[in-house]
Amino acid sequence: MSSPISPACVHPEPALSRREVMAVGAAGLALGALPAPARAAAPPALAELVARITEGAVPERGRITFDIPQLVENGNSVDVAIQVESPMTDADHVRWIHIIAEKNPFPDVARFHLGPRSGRAEIRATLRLATSQKVAAIAALSGGGYVIADADIVVTLSACIDGG
Amino acid sequence: MASFNARITMPAEAKAGEVVEVRVLVRHPMDRGGQVDAEGRVVPRKILNRLTVTYAGEPVFRYDMHTGVSANPFVSFTTRAIETGELSFEWREDGGATFTRTARLVVT
Amino acid sequence: MTAAGRALAAALLALAGAARADEIKPGSTFLSPEMQRQQQDQSRNPGYLWVEQGEELFSRRDGVSPTCISCHADPKQSLRGAAARYPQVDAASGKLVNLEGRIEQCRVDRQKQPAFGYESQDLLGLTAYVASLSKGMPLSVSAEGAAKPFYEAGKAFYERRQGQLNLACTQCHDGLVGQKLRGDTISYGIGTGYPAYRLEWNGLGSLHRRLRACSLGVRATQFDYGSDDYLALELYLAVRARDLPMEAPGLRR
Chain X
1 MSSPISPACV
11 HPEPALSRRE
21 VMAVGAAGLA
31 LGALPAPARA
41 AAPPALAELV
51 ARITEGAVPE
61 RGRITFDIPQ
71 LVENGNSVDV
81 AIQVESPMTD
91 ADHVRWIHII
101 AEKNPFPDVA
111 RFHLGPRSGR
121 AEIRATLRLA
131 TSQKVAAIAA
141 LSGGGYVIAD
151 ADIVVTLSAC
161 IDGG
Chain Y
1001 MASFNARITM
1011 PAEAKAGEVV
1021 EVRVLVRHPM
1031 DRGGQVDAEG
1041 RVVPRKILNR
1051 LTVTYAGEPV
1061 FRYDMHTGVS
1071 ANPFVSFTTR
1081 AIETGELSFE
1091 WREDGGATFT
1101 RTARLVVT
Chain V
2001 MTAAGRALAA
2011 ALLALAGAAR
2021 ADEIKPGSTF
2031 LSPEMQRQQQ
2041 DQSRNPGYLW
2051 VEQGEELFSR
2061 RDGVSPTCIS
2071 CHADPKQSLR
2081 GAAARYPQVD
2091 AASGKLVNLE
2101 GRIEQCRVDR
2111 QKQPAFGYES
2121 QDLLGLTAYV
2131 ASLSKGMPLS
2141 VSAEGAAKPF
2151 YEAGKAFYER
2161 RQGQLNLACT
2171 QCHDGLVGQK
2181 LRGDTISYGI
2191 GTGYPAYRLE
2201 WNGLGSLHRR
2211 LRACSLGVRA
2221 TQFDYGSDDY
2231 LALELYLAVR
2241 ARDLPMEAPG
2251 LRR
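Residue numbers (the working numbering), protein chains in the order written: chain X, 1 to 164; chain Y, 1001 to 1108; chain V, 2001 to 2253.
It is worth saying that the hints were derived from the structure and are not from the lab.
Keep in mind that this is a model prediction, so the values were computed, not measured.
For every residue, glycine included, the Cβ atom is placed at its ideal position computed from N, Cα and C.
Some clues are possibly wrong.
Claimed, not checked - Distance ranges between label pairs, derived from CB positions:
#1 G143(X) - F1099(Y): 32 to 38 Å
#2 P87(X) - A2115(V): 47 to 53 Å
#3 R2242(V) - R1050(Y): 27 to 33 Å
#4 E1058(Y) - G2136(V): 53 to 59 Å
#5 P1011(Y) - P69(X): 25 to 31 Å
#6 G1095(Y) - A47(X): 30 to 36 Å
As the list claims (entries may be wrong) - Only part of the chain Y face toward chain X is listed, based on derived beta-carbon distances under 10 Å:
#7 A1006
#8 M1010
#9 A1012
#10 E1013
#11 K1015
#12 Y1063
#13 M1065
#14 T1078
Make the full structure from the sequences, and use the hints.
What follows is the structure, given as structure tokens:
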């Protein structure tokens, strides 16, 4: 039987402060509490992380769509959907799709292996995001090329807090 | 650990050549390791690190999971209906335990 | 703080007027459209993993006799609507029991087995399963007769300022409905979605677990799971939510 309080939680949620509650009453919006959005320019770290999985190749932009909420409500579970335009034939298909979250403790988040039998290059999944950051989806094409799409996301509540 | 259970949602029947969506929701805490539990012990990493799907014996999808995958993870993928047969799902957990489930697709 | 801010902060210090019964909306109304859709989707809402576990436990033997299903045949019919009548006063003991309490009573008195324990995965699974059988049905608890003193106690709890922040439930759940707090949108604070899968918990939790989170939020006493205080409060919340549809297993942030 697992513990009622998930062991995956390090720091218990601190109680509210009077100032936070006043901010709600006064302004109606606690946007001041939002962490600053991730930097707009791709930090070198991401390029390096990408180069590692593409064997140095620089992926092209386009043909890949990456749906991820810009404002993440809770980093514990973030819905993503990725689609690559591809006929998914023996000659021309997506081999895999890889997700990198540059500021996660372990930036390689997941890899989905596809093939001609997939019919479409289309996946959905739920991720865990530690903090506001840039997240990238990279697809490896059967012809040897790569395509990439990325997104800057803001995480209002990072993974793992518990008020219960 | 809480009991392992998986919910696999896909059509029971499809026309040959049709692309079907398969959705998989599975119960697992995906402990990413290093956290401290209620008793002050450090929890070791224990996640499902791979889901492999075969269809009538042929591999059609594989999901490599790392610590950035959510607890009780959901995944959806597609496969082309080729022949009537079983889709077999196998999860591999850190430490080597495996869990399997099957679902049948009738192709008309 | 601006003058307008001071005026609003002062308004917050006064007790908010209670919401009218016809204003109160289900908790899911305050979720993003995406989460509302996911709550409805049985292939996506992880709460159904617990519902499924509960359904299995309901008919599993494991040397336990009789099983739940041997007394409650065809639960989809026989227990449909049952969860919508809790909490209620147990005729034999005169105590207020919620759905968890009733299931534990069957477990201990009728199956002669050790109690599952509040917030255990087994009890959460069974509660979620039984509650799911009432999905969409209107909540219909009684605040009359034997239930009256419990209702009054719950109402008093709901309106009492408490904790270091000296806030009553009503100040947030009537006075600040729709406002943002810590990335959440404040709802009417009712329990029709529980047990619920909360992203923050990475799992399913009971209404009492949610109440403990609110108590902690204002740095007030966290009462025990299944305590008389939270049971009375649960009854009051259920009366507030009367006629609203049951939505367990809910999906929450």
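Using Cβ atoms only, decide whether A1012(Y) comes closer than 10 Å to chain X, and label the hint accordingly.
violated, 18 Å
Under the criterion of a CB-CB separation shorter than 10 Å, is K1015(Y) in contact with chain X as hinted?
With Cβ-Cβ at 12 Å, over 10 Å, it is violated.
Does M1010(Y) meet its interface restraint, that is, does its C-beta lie within less than 10 Å of any C-beta in chain X?
With a closest approach of 13 Å, the M1010(Y) hint is violated.
Could you check if A1006(Y) really has its C-beta closer than 10 Å to a C-beta on chain X?
violated, 14 Å
Lying within 27 to 33 Å: is that true of the beta-carbon distance R2242(V) to R1050(Y)?
violated, 49 Å
Do the beta carbons of P1011(Y) and P69(X) sit within 25 to 31 Å of each other?
holds, 28 Å
Interface hint check: T1078(Y), Cβ to nearest Cβ on chain X, cutoff 10 Å. Holds or violated?
holds, 5 Å
Can the suggested window of 53 to 59 Å be confirmed for the beta-carbon pair E1058(Y) and G2136(V)?
violated, 42 Å
Could you say whether the range 47 to 53 Å given as a hint is met by the Cβ separation of P87(X) and A2115(V)?
violated, 59 Å
Tell me if the interface restraint on M1065(Y) is satisfied: Cβ within less than 10 Å of some Cβ in chain X.
Holds. Min distance 6 Å.
Assessment of proposed distance window 30 to 36 Å (beta carbons of G1095(Y), A47(X)):
Since the Cβ atoms of G1095(Y) and A47(X) sit about 35 Å apart, the hinted range of 30 to 36 Å holds.
For the restraint on Y1063(Y), tell me whether the closest CB of chain X is nearer than 10 Å.
holds, 6 Å
The structure fails hints 2, 3, 4, 7, 8, 9, 10 and 11 (numbered hints given earlier, in ascending order).
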